[in-house]
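Asker: Each chain is listed here by its residues.
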Amino acid sequence: MSQPVISLRHVSMAFPQHNGDAFLALQDVSLDVDPGRFVSIVGPSGCGKSTTLSLIAGLLFPTDGEVWLEGRRVEDVQTSVGFMFQQDALFPWKTVLGNVMAGLLFRQVPRKEAQERALSWIRRVGLAGFEHHYPYQLSGGMRKRVSLAQTLVYDPDILLMDEPFSALDVQTRDLMENELLALWQELRKTVLFITHDLQEAIALSDEVVVMTAAPGRIKARYPIQLARPRNLLDIRTSPEFEAIYSHIWGDLREEVMASYARSQ
Amino acid sequence: METRQPSHRLIWFLRGVLLVAFLGGWEMGARAGFLDPFFYSSPGAILARLFQWAADGSIFRHIGITLWEMMLGFAIGTVSGMLLGYLFARSELLGGVFEPLMALLNAIPRLVLAPLFILWFGLGITSKVVMSLALVVFVVFFATYTAIKEVDPILIANARILGARPRDLTWHVLVPSALTWIFTSLRTSVGFALIGAVVGEYLGATKGLGYLVSFAESMFDATGVFAGLVVMVIVAGGLDYVIGRIETRFSVWKPSR
Ligand SMILES: Nc1ncnc2c1ncn2[C@@H]1O[C@H](COP(=O)(O)OP(=O)(O)O)[C@@H](O)[C@H]1O
Ligand SMILES: [Mg+2]
Chain A
2 MSQPVISLRH VSMAFPQHNG DAFLALQDVS LDVDPGRFVS IVGPSGCGKS TTLSLIAGLL
62 FPTDGEVWLE GRRVEDVQTS VGFMFQQDAL FPWKTVLGNV MAGLLFRQVP RKEAQERALS
122 WIRRVGLAGF EHHYPYQLSG GMRKRVSLAQ TLVYDPDILL MDEPFSALDV QTRDLMENEL
182 LALWQELRKT VLFITHDLQE AIALSDEVVV MTAAPGRIKA RYPIQLARPR NLLDIRTSPE
242 FEAIYSHIWG DLREEVMASY ARSQ
Chain B
40 METRQPSHRL IWFLRGVLLV AFLGGWEMGA RAGFLDPFFY SSPGAILARL FQWAADGSIF
100 RHIGITLWEM MLGFAIGTVS GMLLGYLFAR SELLGGVFEP LMALLNAIPR LVLAPLFILW
160 FGLGITSKVV MSLALVVFVV FFATYTAIKE VDPILIANAR ILGARPRDLT WHVLVPSALT
220 WIFTSLRTSV GFALIGAVVG EYLGATKGLG YLVSFAESMF DATGVFAGLV VMVIVAGGLD
280 YVIGRIETRF SVWKPSR
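Top to bottom, those sequences are chains A and B. Under our numbering, the letters of the first sequence match residues 2 to 265, in that order. Under our numbering, the letters of the second sequence match residues 40 to 296, in that order.
Mixed in with the good hints there might be a few duds.
[What the hints assert, rightly or not] Selected chain B positions facing chain A (in silico; Cβ < 8 Å):
(1) Ala203
(2) Pro205
(3) Pro215
(4) Thr245
(5) Trp292
Derived by calculation from the structure, the hints in this document are not laboratory data. Backbone N, C-alpha and C define an ideal beta-carbon position, used for all residues, glycine too.
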């Protein structure tokens, strides 16, 4: 058995609030992800999914428990991961090329090599011809492709993806999911993928983790044994898929309702 | 609601008509004796004065001096405003101590300080440069300070994961973000720089556009005052044009309005 690349051990996270109390966002979360696996986390909004990724990337530090990455305790920002943010995180003052190259230049890759690698990734995500465009000149889907290239260009072994496609229209999202799956099939990176869309989670993943409404805890984990390679266009209509879906939805639904009730 | 966009040509045509009517009315009023030329001068006399100044070259020396004071004030004010803004935004301690002080100083109408500056720094260009930079430094300081304080934390997080060291963060995230804001306030700060220099000259100098107007006033020379104002308007318009060009050149990443 290989050692997990991502390991959360009894992690709790409390945020200070204005009134002086602490808001408990995560409570005693333990999760291991083995190398090369595609794992999704689903849960109602506000349940701590983004917080979990930030903890793994070392952008935040837990108030309790430990986070381990590739056998080392996370005590600093982790530059060995690739991180796709939920929000638009491209540098608006850099062109597509500049954005994709940035990570390489920060890592002291010589400019010429950085440019070649960036150009090849720009082509790979289907943006050839847009190298010198600025983010504001691109559609939402194109900007996500730039983010993907920006993340993959330095070849991280672990990808943390925070609802990367949730802001896209359905057609674009289907396309991007397919492309992501093809890339993953080829590159075999460890992916921790966050979504609030259960269908997306099942279709892409080896395992789906359901989180509870705040404070976020792990409610259940479901291995997804659909055959690979998968065709995302057909997979959703298969009886197997539907069985898994209704099984998990039962659990998720409770949490969504709980979260909804609380927000009323 | 539908409003038809008036054509560009029509707008320019009407502007022309308005200008000609205004100047024509003024000139005729002066000639017919409705407007006393001693108080109101006349477009013809002003134009003649402008030609005279241009012919003996004196006006170019005055313009040159004013621009020079203004540019020094602008440059020193901008650089120190950026440095202070950066330092105060990056250091909790400095920011906590000095930011309220900057806000307080900014609330003082600095034009009132002009006589003091002349007292302290003399009739030469130093007092004008100080006046000008005293106006500019605050505009740039607040632009920089806000820009760095308000920079999107997601961009910083992304840069850090992409491997940015503190130096990279400064040059690839903080400075570009601050520059957007500083460019937005460029028009204001250049305008302030010009005002500072001219006001300084107006109150005590031996050269420059402000001096020109103030000297004409002391001679009860309305034509000279108006001619001086016309030159200022031309200078301000020229600067505005140059800034417009600089803005389009440097803010390429901004969607055009
Ligand atoms: N920096 C922060 N300070 C205070 N509260 C925060 C902070 N970040 C997140 N939270 C709170 O923690 C909870 C979980 O947030 P988040 O992880 O973004 O949820 P999700 O991504 O699942 O929608 C939310 O209630 C949110 O308001
Ligand atoms: Mg989130």
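Asker: Against this structure, judge whether each hint is valid.
Answerer: For each hint, the structure was consulted:
Annotation: Ala203(B) was flagged as interfacial toward chain A, and the flag holds, the nearest CB pair being 5 Å apart, inside 8 Å. At about 11 Å, the closest approach between the beta carbon of Pro205(B) and any beta carbon in chain A exceeds 8 Å, and the interface hint on this residue is violated. A hinted interface residue such as Pro215(B) counts as satisfied when its beta carbon comes closer than 8 Å to some beta carbon of chain A; here the least separation is about 4 Å, so the hint holds. Because the smallest distance between the Cβ of Thr245(B) and any Cβ of chain A comes to about 45 Å, over 8 Å, the interface hint for this residue is violated.
Checking Trp292(B) against chain A: minimum C-beta separation of about 4 Å stays under 8 Å; hint holds.
Checked against the numbered hints listed earlier, the structure breaks hints 2 and 4; every other hint is satisfied.
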